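Participant: Now for the letters of each chain:
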Amino acid sequence: MDKPNKNQPVSRRTFFGDTLRTLSALGLGSLVGFGARKATSEELVWQLDPDKCVQCGQCATECVLDPSAVKCVHAFDVCGYCKLCGGYFKPDAKSLDTAAENQLCPTGALIRKFVEDPYYEYTIDESLCIGCAKCVKGCGAFGNGSLHLQVRHDCCVNCNECSIAKACPSNAFQRVPASKPYLYRGVQRKDFYPEK
Amino acid sequence: MEQNKTSQELDRRNFIVRGGQRIAAFVLGLIGASLLPGQKQRALATSTPQTQPKRKVENPWEYDLESLKKIDPALITYEEIESIPAEQEKVTALALDDSGTLYIGGDKGVRVITDKTSKRWVQLPQAPACLAIDTNGDIFVGLKDMIVVYDKKGTKKTEFHSMGESSYLTSIAIGIDDVFVADAGNRVVWRMNKAGALLGQLGEKDERRHIPGLVIPSPYCDVALDQNGLLWVVNTGRHAFEQYKPDGTLVKRWEKTSVKIDGFSGCCNPTHMAILPDGAFVTAEKGLERIKIHETDGTFRTVVAAPSQFKEGTVGLDLAVNKQGRIFVLDPSQKTARVFEKK
Numbered sequence: 133m134d135k136p137n138k139n140q141p142v143s144r145r146t147f148f149g150d151t152l153r154t155l156s157a158l159g160l161g162s163l164v165g166f167g168a169r170k171a172t173s174e175e176l177v178w179q180l181d182p183d184k185c186v187q188c189g190q191c192a193t194e195c196v197l198d199p200s201a202v203k204c205v206h207a208f209d210v211c212g213y214c215k216l217c218g219g220y221f222k223p224d225a226k227s228l229d230t231a232a233e234n235q236l237c238p239t240g241a242l243i244r245k246f247v248e249d250p251y252y253e254y255t256i257d258e259s260l261c262i263g264c265a266k267c268v269k270g271c272g273a274f275g276n277g278s279l280h281l282q283v284r285h286d287c288c289v290n291c292n293e294c295s296i297a298k299a300c301p302s303n304a305f306q307r308v309p310a311s312k313p314y315l316y317r318g319v320q321r322k323d324f325y326p327e328k
Numbered sequence: 003m004e005q006n007k008t009s010q011e012l013d014r015r016n017f018i019v020r021g022g023q024r025i026a027a028f029v030l031g032l033i034g035a036s037l038l039p040g041q042k043q044r045a046l047a048t049s050t051p052q053t054q055p056k057r058k059v060e061n062p063w064e065y066d067l068e069s070l071k072k073i074d075p076a077l078i079t080y081e082e083i084e085s086i087p088a089e090q091e092k093v094t095a096l097a098l099d100d101s102g103t104l105y106i107g108g109d110k111g112v113r114v115i116t117d118k119t120s121k122r123w124v125q126l127p128q129a130p131a132c133l134a135i136d137t138n139g140d141i142f143v144g145l146k147d148m149i150v151v152y153d154k155k156g157t158k159k160t161e162f163h164s165m166g167e168s169s170y171l172t173s174i175a176i177g178i179d180d181v182f183v184a185d186a187g188n189r190v191v192w193r194m195n196k197a198g199a200l201l202g203q204l205g206e207k208d209e210r211r212h213i214p215g216l217v218i219p220s221p222y223c224d225v226a227l228d229q230n231g232l233l234w235v236v237n238t239g240r241h242a243f244e245q246y247k248p249d250g251t252l253v254k255r256w257e258k259t260s261v262k263i264d265g266f267s268g269c270c271n272p273t274h275m276a277i278l279p280d281g282a283f284v285t286a287e288k289g290l291e292r293i294k295i296h297e298t299d300g301t302f303r304t305v306v307a308a309p310s311q312f313k314e315g316t317v318g319l320d321l322a323v324n325k326q327g328r329i330f331v332l333d334p335s336q337k338t339a340r341v342f343e344k345k
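First to last, the protein sequences are chains R and V.
Heads up, the first sequence is in my numbering, so the first residue is 133 and it goes up one at a time.
Heads up, the second sequence is in my numbering, so the first residue is 3 and it goes up one at a time.
Mixed in with the good hints there might be a few duds.
Cut-off 16 Å, straight-line C-alpha distance, at most; resulting in silico cross-link-like pairs (EDC-like, lysine to aspartate or glutamate) [said to hold, decoys possible]: (1) K72/V to D224/R; (2) K207/V to E248/R; (3) K298/R to D224/R; (4) K222/R to E64/V; (5) K222/R to D66/V; (6) K215/R to E89/V; (7) K118/V to D147/V; (8) K262/V to D224/R; (9) K71/V to D181/R.
To be clear, the hints were calculated from the coordinates, so they are not data collected in a lab.
As the structure is a prediction and not an experimental result, all values here were calculated from the model.
Bound conformation, chain R alone (with noise of 0.2 Å):
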């Protein structure tokens, strides 16, 4: 029996139905391989490092939605419960009291509850906040840092681009699991990311 000539040339119809079959094959492949990591990556959503936060003020200005996605959040177990909270009060304020020409932010978004002498409880009212981060300069400067700003997700649209992040000069901003979204202060933050 002959044996097949290895260099018997090819017809165009072989090669053809070669080369399509390959293409075929390679393209059948990308496909199941995009499928599959489209299928094993999580989601992610855009948040701010706190720590990579230098108080620019720029949450406030450069969120596409108004008033900003960007709000101060508190870390309590951080806070120092201050009468005289570098956060809340401006630093010519007259007295200590909850006067709004002693206030610091522009907006009352910061409220103060007496606790028991001489502690003073500090929440923020995040309808009010517009994510200015005056606050958590004075917080940062004269204080422990409890005060800090979070991207709050149940107002950020998540864009492909966030105009916040593209204008931040830190590059404090970075995508985060959908499934692990803040990058708190405190204990809150040893919760979610226990390696920091």
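Once you have looked at the hints, place chain V on chain R.
Facilitator: Same frame as chain R, now just chain V:
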């Protein structure tokens, strides 16, 4: 002819080669798909556009802290005359003994500096939180929750009991018989004898004895004994100085809350203090990093060093004063002991 072609297509070699080619193409497709940038990589690429210049936008809500850091030069009556390297990566505590020998605690232990040519080390298991030197040269080292005593050669003499898990020791003052230890974690000052036996505690809230109680929001609470053997405690959360008898009786107190030069601001200031030979207080603050002097009754006297003389964010400016009234400031940012003298 037709039959020949069919037999050629069904040939085993051709079948294996062509099948292999298809499988190779399929695998190549899989690899290609996996190499495509995923959502995370795309997100990282857009979240770290470090190569793109950022446009500078004015902050309409700017909180100008710089104006608070400016001090009238006429108020600064001290000048820096020397900067002594701590020769350690992390410095945490500073003390002087009666002869003027300087002790700097840090990650390598305690650096003992008598003069430029005489330096030695006392090795410690960990960086001390606070230091004090007894008149006989014994070195009292405050770790997080206990005191360890070394003789002047650096040999361990004794170790006091742990003050508990929540303890965070911040300062030691040594009297003739007593040792007072500030514990920011438990918000008290422990009174012990030199063997470590607990004799009592000071500073706890007691309305009957008119003691307001220590408010310590962060781990800073300094203590020092004055010339009369009375203990001064800095109640940082109240921006107050409180004088106690060794039995815990509150003798007197003053407090001054203000971001202006005559007071103290923030959650917890002053973080450190030392007593000058004339009884006035040298104070160090965080937030607005500055060294000042206040009279015994709290009246502002002068500025030793302005915020501009420290790196922004510096904390832990431990203080010591020698018999000549020179002020030694531990600067953890510069890793030095800076010496200030009256102009």
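Participant: The structure should be examined with respect to each hint, and the outcome stated for every one.
Facilitator: Structure-based check of all given hints:
no. : hint             : in the structure
1   : K72/V to D224/R  : 15 Å, holds
2   : K207/V to E248/R : 12 Å, holds
3   : K298/R to D224/R : 35 Å, violated
4   : K222/R to E64/V  : 12 Å, holds
5   : K222/R to D66/V  : 11 Å, holds
6   : K215/R to E89/V  : 39 Å, violated
7   : K118/V to D147/V : 33 Å, violated
8   : K262/V to D224/R : 8 Å, holds
9   : K71/V to D181/R  : 27 Å, violated
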